[in-house]
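Could you fit the two chains together into a complex? Lean on the hints.
The listed protein sequences correspond, in order, to chains A and B. Each number in our numbering comes from the position in the first sequence (counting from 1) with 31 added on. Each number in our numbering comes from the position in the second sequence (counting from 1) with 4 added on.
Please keep in mind that the hints were generated in silico from the structure rather than gathered at the bench. Treat each hint with caution, since some may be false.
[As the list claims (entries may be wrong)] Here chain A is said to cover these stretches of chain B; the calculated rule only asks that three of the stretch's residues, wherever they fall, bring their Cβ under 8 Å from a Cβ of chain A:
| # | region |
| --- | --- |
| 1 | 68 to 82 |
| 2 | 155 to 169 |
| 3 | 627 to 641 |
[Claimed, not checked] In the DSS-like style, the derived pairs of lysine-lysine whose C-alpha atoms are separated by at most 27 Å in a straight line are:
| # | chain 1 | residue 1 | chain 2 | residue 2 |
| --- | --- | --- | --- | --- |
| 4 | B | 248 | A | 51 |
| 5 | B | 342 | B | 393 |
| 6 | A | 66 | B | 674 |
| 7 | A | 60 | A | 114 |
| 8 | A | 90 | B | 742 |
| 9 | B | 447 | A | 109 |
| 10 | B | 753 | A | 114 |
| 11 | B | 393 | B | 422 |
| 12 | B | 666 | A | 114 |
| 13 | B | 742 | A | 109 |
| 14 | B | 447 | A | 187 |
| 15 | B | 340 | A | 37 |
| 16 | B | 386 | B | 422 |
| 17 | A | 87 | B | 742 |
| 18 | B | 666 | A | 48 |
| 19 | B | 393 | B | 248 |
| 20 | A | 187 | B | 473 |
| 21 | B | 422 | A | 187 |
| 22 | A | 114 | B | 742 |
| 23 | A | 40 | B | 351 |
| 24 | A | 114 | B | 674 |
| 25 | B | 674 | B | 742 |
| 26 | B | 771 | A | 114 |
| 27 | A | 40 | B | 422 |
| 28 | A | 48 | B | 96 |
| 29 | B | 340 | B | 351 |
| 30 | B | 340 | B | 248 |
| 31 | B | 666 | A | 40 |
| 32 | B | 298 | B | 393 |
| 33 | B | 680 | A | 114 |
| 34 | B | 680 | B | 765 |
| 35 | B | 666 | A | 51 |
| 36 | A | 109 | B | 765 |
| 37 | B | 765 | B | 742 |
[Stated by the list, open to error] With beta-carbon atoms standing in for the labels, derived distance ranges:
| # | chain 1 | residue 1 | chain 2 | residue 2 | range |
| --- | --- | --- | --- | --- | --- |
| 38 | B | 188 | A | 39 | 28 to 38 Å |
| 39 | A | 66 | B | 567 | 48 to 58 Å |
| 40 | B | 797 | A | 44 | 30 to 40 Å |
Even for Gly, the Cβ is constructed at its ideal location relative to N, Cα and C.
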Amino acid sequence: MVDTTKNTKLFTTYGVKTSKTVTTEVASKLISKAKRPLFVVGTGVLNPELLDRVVKIAKAKNIPIAATGSSMIGFVDKGVNAKYINLHALGFYLTDPNWPGFDGNGNYDTIILLGHKKYYINQVLSATKNFSDVRAISIDKSYIQNATMSFGNLSKADHIAALDEVIDLL
Amino acid sequence: MSKLTTGSFSIEDLESVQITINNIVGAAKEAVKPTKEAAEVTGPMGPTPFPSIATLRDWSFTLFDRYEPVYTPMCDQCCYCTFGPCNLEGNKRGACGLDMKGQAAREFFLRCLTGCACHSAHGRHLLNHLIDLFGEDMPINMGASNVIAPNIQLVTGLQPKTLGDLKPVMEYVEEEVGQLLATVHAGQEAAAIDYDNKAMLAGVLDHVGMEVSDIAQVTALGFPKSDPEAPLVETGMGTIDASKPVIIAIGHNVAGVTYIMDYMEGNGLTDKMEIGGLCCTAFDMTRYKREDRKAPYAKIVGTISKELKIVRSGIPDVIVLDEQCVRADLVEEGQKLKIPIIASNEKIMYGLPDRTNDDVDAIVEDLVSGKIPGCVMLDLEKLGELVPKVALKMAPIREAEGLSAIPTDEEMKALVSKCAECGECALACPEELEIPAAIAVAKGGDYSALEELHDYCVGCRRCEQVCNKEIPVLSLIEKAAQKAIAEEKGLVRAGRGQVSDPEIRAEGLNLVMGTTPGVIAIIGCSNFPAGTKDVYNIAEEFLNRNYIVAVSGCSAMDIGMYKDADGKTLYERFPGRFERGNIFNTGSCVSNAHISATCHKVAAIFASRNLSGNLAEIADYSLNRIGAVGLAWGAYSQKAAAIGTGCNMYGIPAVLGPHSGKYRRALIAKTYDDSKWKLYDSRNGSEMAIPPSPEFLITTAETWQEACVMLAKNCIRVSDNNMGRSIKLTHWMELSEKYLGVLPEDLYKFVRNEADLPLAKREMLLKMLESEHGWEIDWKKKKIISGPSIKFDVSAQPTNLKRLCKEA
Ligand code: SF4
Ligand code: SF4
Ligand code: SF4
Chain A
32 MVDTTKNTKL FTTYGVKTSK TVTTEVASKL ISKAKRPLFV VGTGVLNPEL LDRVVKIAKA
92 KNIPIAATGS SMIGFVDKGV NAKYINLHAL GFYLTDPNWP GFDGNGNYDT IILLGHKKYY
152 INQVLSATKN FSDVRAISID KSYIQNATMS FGNLSKADHI AALDEVIDLL
Chain B
5 MSKLTTGSFS IEDLESVQIT INNIVGAAKE AVKPTKEAAE VTGPMGPTPF PSIATLRDWS
65 FTLFDRYEPV YTPMCDQCCY CTFGPCNLEG NKRGACGLDM KGQAAREFFL RCLTGCACHS
125 AHGRHLLNHL IDLFGEDMPI NMGASNVIAP NIQLVTGLQP KTLGDLKPVM EYVEEEVGQL
185 LATVHAGQEA AAIDYDNKAM LAGVLDHVGM EVSDIAQVTA LGFPKSDPEA PLVETGMGTI
245 DASKPVIIAI GHNVAGVTYI MDYMEGNGLT DKMEIGGLCC TAFDMTRYKR EDRKAPYAKI
305 VGTISKELKI VRSGIPDVIV LDEQCVRADL VEEGQKLKIP IIASNEKIMY GLPDRTNDDV
365 DAIVEDLVSG KIPGCVMLDL EKLGELVPKV ALKMAPIREA EGLSAIPTDE EMKALVSKCA
425 ECGECALACP EELEIPAAIA VAKGGDYSAL EELHDYCVGC RRCEQVCNKE IPVLSLIEKA
485 AQKAIAEEKG LVRAGRGQVS DPEIRAEGLN LVMGTTPGVI AIIGCSNFPA GTKDVYNIAE
545 EFLNRNYIVA VSGCSAMDIG MYKDADGKTL YERFPGRFER GNIFNTGSCV SNAHISATCH
605 KVAAIFASRN LSGNLAEIAD YSLNRIGAVG LAWGAYSQKA AAIGTGCNMY GIPAVLGPHS
665 GKYRRALIAK TYDDSKWKLY DSRNGSEMAI PPSPEFLITT AETWQEACVM LAKNCIRVSD
725 NNMGRSIKLT HWMELSEKYL GVLPEDLYKF VRNEADLPLA KREMLLKMLE SEHGWEIDWK
785 KKKIISGPSI KFDVSAQPTN LKRLCKEA
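Just chain B, same shape as in the assembly (with noise of 0.2 Å):
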């Protein structure tokens, strides 16, 4: 094992010699030991190569002290064990001697443990794929850069240069995973702060198990690298040309679907049949083979909120799934319409007959024929064939019955007449809908209030289940909805990968000083709380302030449904470069960790930080000088949880549409307690008063219009000069007083002397200081004489970290 400490070495060789997966991992911890051969190979090493749950503990401990976790438990009872169920209401305790807090911070940790468990899982599955076709050798190639994989480098140490390389990488996380699970046995954990650090290392892993998914799909399957003008795809229900034959495909995991491009390209197919996509299969679709900007044949048709959607309105000929995000009822409700199920990953097998040893044309006879609803096969060649197959023979037996859920005209009159106005759908509805009122509306022939629940409405089905009179309440919205869905076209840009370093070091000045005043975010998925529209707007909003809008998954497909005056999209009025006034989209959900990377190459790259197994340093870093926050407005699922908390163990804060109080845990300061709003100065380890910003890591927003306000203002940091303070402030008072009429009440708090003051309303705040703050102004040079609680030194070196500073 000693030969094996470059951290570059071939598992082939190993396995020759049988040393087991344990050994592997062991070694490429070797290798980044900070030794002095080590050192030459990797460069400096940093504290904590390969964290488990203790080694970053003091880091997240550090963060919780300003950033307390806030608890907001789904239920006061605790069902998990059978000395259970226990009432934990108040803060009791259960019968493990686990309090209340305890238990909504391990139900918090379990939901980001599993969204990194997801992440991890696809990223294994796809490595070892292309692995299997590609070789372990295939160099990683990630566009112009030298900083590759700056979540794996940050966090393990490793600097991966091969698709082999990522081996030990999924070797590490698959070891942590194991270990985090373990502690959500009963009778292990107790406290709840030692849980919310567990959760920061299970986000800090779905980060570094992202990073393994798209690099290596990145690298093997021809996406765009590094590309700011990837192309633009289509996007939307109405994008889809139902005269063909449709294949639809759903989930995340792409290395299936690229079976199904090959065989339709082989075939001469592309042109004669459709294959759209939902979720971020869907992405990764548009972004196979397209390095070189051809624009995709494939389309994206939306998020999870339209899985039931696409199959009411009967337009898909089969169905192809592979894992995350992908309904429970698909089979039933495709059946219905006999429409094809074929589960194509391990992970979704929906009690389906598993076909995979099974003749091609066989299995296509047993689905066409009805014989069997779906199969599962795992053979990706023979699923090439098969799905392409089954939709040419499908589309026509389909089009001839005419199916589609969606009711005539005189279906849809007869069933709102039916309807009671009982009011039991509106209670079950999560988006707390009037359908009620909307078929009382209906029944007099106008379908317009039914219409314009459509775009609110997350295609859930609850309200159908709870209907007395068997009403299908979707599909009357859909129904009403129709000629809007067929005007559903947007376009997007195709997923670009990483920011580039060279994009980093031309950008990477104005980010921390605040000339560029923010990174906005804006990732995850599509349980919004007043419909599409709102990331749209936030979008624009930033954008048309010069801000920088990343944006990843659901988010961007939806961003990209709205068009200005001209007929344009975001995509197509803004480009996609790492610069102020752009919107790059990185890609899928797993592309999230090239958002979060970007902030730890401006640490590298700009600071010239060193990134190799230094966490804390690189996160602190981001907290104090990036003015990065995302936004995932529509967060639902586990993935996004995950993604959320392993930016803030990063020092990127985050803001969450409201639904996303039911994670149970938010992180939280205190803006009053002027004792947390302290930082040391490295230069001396003196200690330096701070403006509360960020005042949180992780929390909610009721409406768009408040999250723009938020956004603006966490986008503050310590290190702002003069001029991005200003700049930063002017952005934040004008969304302030656009959204919430009013100027912000702590504005004071985050002014360090006249400059800051934007110059446009330099007079007015001088004597809204004097007068509401007793502020002393020397009115005839314009300055202020005293008053601000913090100092401007434009060269501090802001940090938490003790040991970062010179006299410790």
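The shape of chain A in the complex, shown without the other chains (with noise of 0.2 Å):
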């Protein structure tokens, strides 16, 4: 097992409140529990590596994706529920309990984050963070400050093995 919870360091800081790091194995019951999950991904998933077990994780448990920044066109043919959305846009309406989400059934409680640029995403997590009850769990190389929960900074080879654990486990 990939340890993915030793690494926390950061350069700067958002603030007082720090996501908890997990385990391949709670991040992976986290995502297998959720009643209303989303898979955001930016565009890093476009990685050949990060592509192939994004769709593996959204099709072991159905999830629908938000496909943010250019990721879209990776999806297209994969049979996977994929849609694109801008992730500033998504952030704001992830924080709308009336929002009625990409099928009309209402806001999700748990988002699954990969593929991102680290200040880009922390910068949009922390109107989730300050302003809503959504659980955001990361599943990024790199660990994620205004995540509810995320992976530490981990190697390439490292994070790789850790997706496949996630993988294997849901």
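Right, dumping it as structure tokens:
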């Protein structure tokens, strides 16, 4: 098992509250248990190694994908339920209890994050962290302070191995 | 005072009777009161001349009702006063009672106000200086236009005719900046939304301050005047001939540099030495005395991201600074390479000795001998002589010593081998560059991975400050990129100034009907998420699609750095008019005022709306009818926040790059809430449903590809005719397919009848509307029978303002 919880080093801080680190086990449990999960991915997932794993995770639990940035192009014909949305707008809509979501069934309780620029996702998450109850689980390569729960900083190889563990556990 | 009601008067006369500045402002305000006499002089006056905080609050709130403030705090603490620091996480309130939203809004507002103060103080400095030189009666000359100061007229109601007429405008801005700054104090404003209103006013004042600055310099310094064929300027690090003595000017205020250029010209030095600039001073150097279209000898080196890079190269023999966007470590960095630093503006004095009152040759002596690392020189006449003299003397000394921070081949090897690949630098790098991996590759003698970082690197040296092995990471990157840097040679069209009235007359209809698909204004700084080519890619994409591309400042420079297969830049491939398929560069940062002014001019000249003191009506017009969207892709500065926010108040939406979430406040609409997408038809006050565009006033995008799709979509306006809508939908669909791989999900929301659908795709789209959205189609006639939630009515008069409606 990859230890995804050990390195939480930051260069700068977003303040007092910091996300809890999660193991691959806990992450996959939370993903599985979520009532209304949404897989929010950034353009970084166009990296083929990541894309493949995003598709596997989404399929494993039939999780809809919010394809932010220009990641949507990676999901055409992949057999997943992916829709483009701007990340900043999504961050705002997640704080609105009246947002009907992508399917009209209402807002989401859990978002899973992967493939983002660290500075951008942290900033967008500062809205959900301060102004909503949505639970944000980051399974990215870097420790994301403004998520609710996050992997610590990982090497590329460890990150891929950790994602594979999550896939196995789902 | 009552005699001073014409709006144009001589300040000298007033001084002789010792009237204070406040009184002049008072007189100017009196001058624009909507009285009968005044109307004869200035035309009809709108309802809001010289707005203060409360005046335009209704309009801000109208905008905020649809475009809701979205706060993304930078920090969950507030440490503003001694009650604190307070933990506001989860929207808690601090000891003073302010909540997290209020604090985030205050922080954002302060950014806008700082930006506004910067531009206005710059304007004030230039104006005083130019009035000293040329007198208050110098007539304003902006080229072939009657509407010469659209922002000033729109906001204050004044129509300045001379340099002196700009003084009351400046005084108004200064008064409001003081009032606004006072509200940042703890225990002043409570509501986030009211800080947002204040931010909007600061943004508007910013455009007024910028307009004063550029009007003054365009008028008095011989800049191109609404000239689509302003000369091309060499730009890029590779354009500087390092074999000559080199002067590098950094900042935004060209006043001092004009003296240096005059001295060079007077002493036959223009071909014996190089003068290059960074940031907007560079732009304005190349506009100086170039209304005759002669190719400038001054060169543009680049943006703030190149400041450390040019210093480390060792190329400058002297650096002269003025104000804004100047790095705080230039003295330290310059000193290492014996590059004297001359500060020429009180705003940045760097702790250097003030030698303003000393003899020029004595100062040259002290600088050349290294007795002082630099100095302050506020006498611009002396500055003009001092700087070239220092460059001429330093050049041979520096050349003999071979001064440069770029490592030799041997040093480079030793430095890369020292790296422990600990990853500290990567953690510190604001661009999240994978520095350790690139250095690991370099250990094998292959510098290509390091070289690749050069264009992404913003030259901030955060990496170096955390390296335990004291590796000068930035210098390694620059070493690896030496060849690429030598080839960094581009061309940019010198700033043309305003768009002229005749250009507006010719293009207005196309723009409002949508047959010119939109104006994409690419502005702002160089904090790009993925290198400088982003802005070039976006500009080229929209030029090829016949949009009008407006550019200014650092983005304009970076766009000029790339060439097509024939070696041509976009400025050579596309003409510089305000016309579809053209790229026009207004000029430096302060010339951004001419971009917003273009929208005001369309409303005033094409649609005959009254401009004077009539902000809400003109902004309402732009928001509903002019498909213009700003793009500040690398916005880093507070000035950029102010410019964008001013645009928002004027009804012009803006997309920013991913770094700009750090500004802390966006304005985004709920596209899913139909109650927000309604306007009045001013013919009878009835409500009309409208498509959800623009869907934001200010927001961010992650990649340039995403930004392209957003820009195209958000050029759609309720006023588009069928032809215009179908052109806009075509571009939006094509860009969405090209960059996102799919057709837009919400296309149907923008379709009023079959004629909105592009002919080439009509059948396919009708099928889609039928099957996915249940629309009823008459397949014989290929007509939509029912389905659209918005109606097509080409003579509708959409407005957000009930007061403009007939029945109201
Ligand atoms: S200004 Fe208010 S929130 Fe900020 S530190 Fe002071 S008391 Fe706390
Ligand atoms: S911080 Fe220094 S030692 Fe560590 S990886 Fe970066 S360059 Fe190498
Ligand atoms: S100087 Fe360049 S590489 Fe170093 S931290 Fe700054 S952007 Fe990153």
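Hints, one by one, checked against the model:
1. 68 to 82: holds (count 9)
2. 155 to 169: violated (count 0)
3. 627 to 641: With 0 residues close enough to chain A, the hint is violated.
4. 248(B) <-> 51(A): violated (58 Å)
5. 342(B) <-> 393(B): holds (15 Å)
6. 66(A) <-> 674(B): With a Cα-Cα distance of about 24 Å, the restraint between residue 66(A) and residue 674(B) holds, given a limit of 27 Å.
7. 60(A) <-> 114(A): With Cα atoms ~25 Å apart, residue 60(A) and residue 114(A) stay inside 27 Å; holds.
8. 90(A) <-> 742(B): holds (26 Å)
9. 447(B) <-> 109(A): violated (40 Å)
10. 753(B) <-> 114(A): Roughly 17 Å separates the two Cα atoms, so the pair holds.
11. 393(B) <-> 422(B): violated (42 Å)
12. 666(B) <-> 114(A): holds (26 Å)
13. 742(B) <-> 109(A): holds (17 Å)
14. 447(B) <-> 187(A): Holds, at roughly 20 Å.
15. 340(B) <-> 37(A): Violated, at about 41 Å.
16. 386(B) <-> 422(B): Given that 27 Å is the threshold and the Cα spacing comes to 47 Å, the pair is violated.
17. 87(A) <-> 742(B): holds (25 Å)
18. 666(B) <-> 48(A): At roughly 18 Å apart (the allowed maximum being 27 Å), residue 48(A) and residue 666(B) satisfy the hint.
19. 393(B) <-> 248(B): This hinted pair holds, its Cα atoms lying about 13 Å apart.
20. 187(A) <-> 473(B): holds (24 Å)
21. 422(B) <-> 187(A): holds (23 Å)
22. 114(A) <-> 742(B): holds (16 Å)
23. 40(A) <-> 351(B): violated (37 Å)
24. 114(A) <-> 674(B): It holds: about 17 Å lies between the C-alpha atoms, which stays within 27 Å.
25. 674(B) <-> 742(B): Between residue 674(B) and residue 742(B) the Cα gap is close to 26 Å, so the pair holds against 27 Å.
26. 771(B) <-> 114(A): holds (21 Å)
27. 40(A) <-> 422(B): holds (23 Å)
28. 48(A) <-> 96(B): Holds, at roughly 13 Å.
29. 340(B) <-> 351(B): holds (24 Å)
30. 340(B) <-> 248(B): holds (21 Å)
31. 666(B) <-> 40(A): Holds, because 21 Å separates the two Cα atoms, which is no more than 27 Å.
32. 298(B) <-> 393(B): Roughly 26 Å separates the two Cα atoms, so the pair holds.
33. 680(B) <-> 114(A): Roughly 23 Å separates the two Cα atoms, so the pair holds.
34. 680(B) <-> 765(B): Cα-Cα ~30 Å, so violated.
35. 666(B) <-> 51(A): holds (23 Å)
36. 109(A) <-> 765(B): holds (25 Å)
37. 765(B) <-> 742(B): holds (16 Å)
38. 188(B) <-> 39(A): 28 to 38 Å: holds (34 Å)
39. 66(A) <-> 567(B): 48 to 58 Å: Roughly 54 Å apart at Cβ, these two residues keep to the hinted range, so it holds.
40. 797(B) <-> 44(A): 30 to 40 Å: At roughly 54 Å between Cβ atoms, residue 44(A) and residue 797(B) fall outside 30 to 40 Å, so the hint is violated.
In terms of the numbered hints stated before, the structure departs from hints 2, 3, 4, 9, 11, 15, 16, 23, 34 and 40, listed from lowest to highest.
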